[in-house]
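Visitor: The lines below spell out each chain.
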Amino acid sequence: MFNLFLAVFPEIFLINATFILLIHGVVFSTSKKDDYPPLVSNVGWLGLLSVLITMLLLAAGAPLLTIAHFFWNNFFRRDNLTYFCQILLLLSTAGTISMCFDFFEQERFDAFEFIVLILLSTCSMLFMISAYDLIAMYLAIELQSLCFYVIAASKRESEFSTEAGLKYLILGAFPSGILLFGCSMIYGSTGATHFDQLAKILTGYEITGARSSGIFMGILSIAVGFLFKITAVPFHMRAPDIYEGSPTPVTAFLSIAPKISLSANMSRVSIYGSYGATLQQIFFFCSIASMILGALAAMAQTKVKRLLAYSSIGHVGYICIGFSCGTIEGIQSLLIGIFIYALMTIDAFAIVLALRQTRVKYIADLGALAKTNPILAITFSITMLSYAGIPPLAGFCSKFYLFFAALGCGAYFLASVGVVTSVIGCYYYIRLVKRMFFDRPRTLILYEPMDRDKSLLLAITSSFITLFFLYPSPLFSVTHQMALSSYL
Amino acid sequence: LALVSGLMVVRAKNPVHSVLFFILVFCDTSGLLLLLGLDFFAMIFLVVYIGAIAVLFLFVVMMFNIQIAEIHEEVLRYLPVSGIIGLIFWWEMFFILDNETIPLLPTHRKTTSLRYTVYAGKVRSWTNLETLGNLLYTYYFVWFLVSSLILLVAMIGAIVQTMHSTTKVQRQDVFRRN
Numbered sequence: 009m010f011n012l013f014l015a016v017f018p019e020i021f022l023i024n025a026t027f028i029l030l031i032h033g034v035v036f037s038t039s040k041k042d043d044y045p046p047l048v049s050n051v052g053w054l055g056l057l058s059v060l061i062t063m064l065l066l067a068a069g070a071p072l073l074t075i076a077h078f079f080w081n082n083f084f085r086r087d088n089l090t091y092f093c094q095i096l097l098l099l100s101t102a103g104t105i106s107m108c109f110d111f112f113e114q115e116r117f118d119a120f121e122f123i124v125l126i127l128l129s130t131c132s133m134l135f136m137i138s139a140y141d142l143i144a145m146y147l148a149i150e151l152q153s154l155c156f157y158v159i160a161a162s163k164r165e166s167e168f169s170t171e172a173g174l175k176y177l178i179l180g181a182f183p184s185g186i187l188l189f190g191c192s193m194i195y196g197s198t199g200a201t202h203f204d205q206l207a208k209i210l211t212g213y214e215i216t217g218a219r220s221s222g223i224f225m226g227i228l229s230i231a232v233g234f235l236f237k238i239t240a241v242p243f244h245m246r247a248p249d250i251y252e253g254s255p256t257p258v259t260a261f262l263s264i265a266p267k268i269s270l271s272a273n274m275s276r277v278s279i280y281g282s283y284g285a286t287l288q289q290i291f292f293f294c295s296i297a298s299m300i301l302g303a304l305a306a307m308a309q310t311k312v313k314r315l316l317a318y319s320s321i322g323h324v325g326y327i328c329i330g331f332s333c334g335t336i337e338g339i340q341s342l343l344i345g346i347f348i349y350a351l352m353t354i355d356a357f358a359i360v361l362a363l364r365q366t367r368v369k370y371i372a373d374l375g376a377l378a379k380t381n382p383i384l385a386i387t388f389s390i391t392m393l394s395y396a397g398i399p400p401l402a403g404f405c406s407k408f409y410l411f412f413a414a415l416g417c418g419a420y421f422l423a424s425v426g427v428v429t430s431v432i433g434c435y436y437y438i439r440l441v442k443r444m445f446f447d448r449p450r451t452l453i454l455y456e457p458m459d460r461d462k463s464l465l466l467a468i469t470s471s472f473i474t475l476f477f478l479y480p481s482p483l484f485s486v487t488h489q490m491a492l493s494s495y496l
Numbered sequence: 248l249a250l251v252s253g254l255m256v257v258r259a260k261n262p263v264h265s266v267l268f269f270i271l272v273f274c275d276t277s278g279l280l281l282l283l284g285l286d287f288f289a290m291i292f293l294v295v296y297i298g299a300i301a302v303l304f305l306f307v308v309m310m311f312n313i314q315i316a317e318i319h320e321e322v323l324r325y326l327p328v329s330g331i332i333g334l335i336f337w338w339e340m341f342f343i344l345d346n347e348t349i350p351l352l353p354t355h356r357k358t359t360s361l362r363y364t365v366y367a368g369k370v371r372s373w374t375n376l377e378t379l380g381n382l383l384y385t386y387y388f389v390w391f392l393v394s395s396l397i398l399l400v401a402m403i404g405a406i407v408q409t410m411h412s413t414t415k416v417q418r419q420d421v422f423r424r425n
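Taken in order, these protein sequences are the chains called C and A. When we follow the numbering used here, the leftmost residue of the first sequence carries the number 9, and every step to the right adds one. When we follow the numbering used here, the leftmost residue of the second sequence carries the number 248, and every step to the right adds one.
Cβ-Cβ distance ranges computed for the label pairs, FRET-style:
| # | chain 1 | residue 1 | chain 2 | residue 2 | range |
| --- | --- | --- | --- | --- | --- |
| 1 | A | Leu305 | C | Leu57 | 38 to 46 Å |
| 2 | C | Ile438 | A | Phe306 | 52 to 60 Å |
| 3 | A | Val295 | C | Phe477 | 54 to 62 Å |
| 4 | A | Val294 | C | Thr474 | 55 to 63 Å |
Calculated Cβ distances over 12 Å to all of chain A for the following chain C residues:
| # | residue |
| --- | --- |
| 5 | Leu60 |
| 6 | Lys208 |
| 7 | Ala297 |
| 8 | Leu304 |
| 9 | Ala305 |
| 10 | Glu337 |
| 11 | Ile386 |
| 12 | Phe404 |
| 13 | Gly416 |
| 14 | Thr474 |
| 15 | Phe477 |
| 16 | Pro480 |
| 17 | Leu483 |
Some chain C residues near chain A, calculated using beta-carbon distances under 8 Å:
| # | residue |
| --- | --- |
| 18 | Val124 |
| 19 | Leu125 |
| 20 | Leu128 |
| 21 | Phe135 |
| 22 | Ile143 |
| 23 | Leu147 |
| 24 | Ala148 |
| 25 | Glu150 |
| 26 | Leu154 |
| 27 | Cys155 |
| 28 | Tyr157 |
| 29 | Val158 |
| 30 | Ala161 |
| 31 | Ser162 |
Read the hints as simulated data drawn from the structure, not as lab findings. We treat Cβ as the ideally placed atom computed from N, Cα and C, and that holds for glycine.
Let the hints inform the model, and build the full structure from the sequences given.
Guide: Following this line, the structure appears as structure tokens:
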């Protein structure tokens, strides 16, 4: 039976690393002999290392994936979809942790539990991606959300952060309840929570007349809960406040990691578990509303983090287009969109973190960035233009493929709304670029150069964004494989 | 009795009274479950709900000075919106319960690893619920471990939020208010 545990070795390693780091942090930061050292950077680097080792374990353990039949009832790691999604998740987590170190030094942020909680939430997201049962999915979502509630409120001097944590708690606990309600309705109506069993039970859902409304309510509630958690539009109510109030690395995590894992999980639920058209209408509506709101509401923003929050809401709308069409191209475009979105968001938040020294919160502070720090300005404008979907950059490829998939399954209205809102969204992205290059603020703000990790991260991501169009086929074939495996 | 107690939770003027009615609601519900024949489930209800959640409410009520506010005149103002939401909820519940037979299996709660005890308890009437729960820890242990991780996160979270002021941390800057 030992080789069955080897299949979950990455997660076991990550959990053990978390525990060891926690104990290490607790023991050493309260020891009077060492004069109570603040251990954040120490634990942070070790946490980063453990995330990278987990990724290596995952990548190297690929042949073991098919052995794990014992875990079929709890979770089953597919060959491709979970594999690549987990690697993406671990990569983005490693990226965001490496962004945090400078933040820790500047803000004198001494809570090493921050890193421990991030590691725990990463582990739960790994579990969530490979979850194959409603209960496992709910547990993993709950674990991840709990970790995020705590770290969103972790900067205790500013009441902004506490308010953001409280809002996130309410915004997150309520959809967890709705999710659980949906899971229990489905269980009550079908007697099965495992996705395999659900797939068999729900195959004849649309065709036969035996539509049980309990199942309908259950699936609807699960979809609603999920949409809450990725802050899609009718349910996004407090998301900009949360994004703005939390400390910036937390915002970076919030906008990247749950979206990856929840999208992977939800695609598994909705495509494999319940292949019915009931989810399609709500995803249609939500994606249209998200795109429209993301484009329109971001025009009135004056703060950078809120702008990024609204742009991520808009981008979630685009990604939901990939959900709404239940075809393979839909899932493939969804995965491409998420991959590129993760990279762009890491880029954007690395820039925002780099500019944090002088407390840049408002867009006006970005003025004349081109004169003081031209390379940073160029990178920022590349990221913003990629968000907007300007052709040679990666964002255009992802949006193009999303609209292509939507057209391919007949959702013409969706694609046209997407194009229109994309054009509207260009306005405020380009306004940022203009503000950086052509405006002259009253006082020229001087920025310190950023540290090595962030510069490395920015270099990697922005070069990916610019050069993606030259050689997009590895990503396309990888995501095609991933999408295929969720249909088998 | 459970319905009346539930109503009284919201309407009681004294907050201590509403917490006591809260506890009464849970006692009544666990009694109902006992009558349904789910002995383990009723005990879990008592332990989890009353033992933890109601005690939490009691602590909150006791620690904060909640003024006894006369809110009678404002109740009617809130009534339309809450009435609409309540009506929607009732309509959906009715819609669901009307269209199918009410399932015999209870909805599962947070202690998920022991859910299958109840299910099997219906099928094989000779086993006690508890021994079956012990057996099935081998099949669903992963969920149990994840639940324990959740509780660990709760503990860490509470400590992160509140313990900073007591652990002394040396800094280069002296000015730091906890």
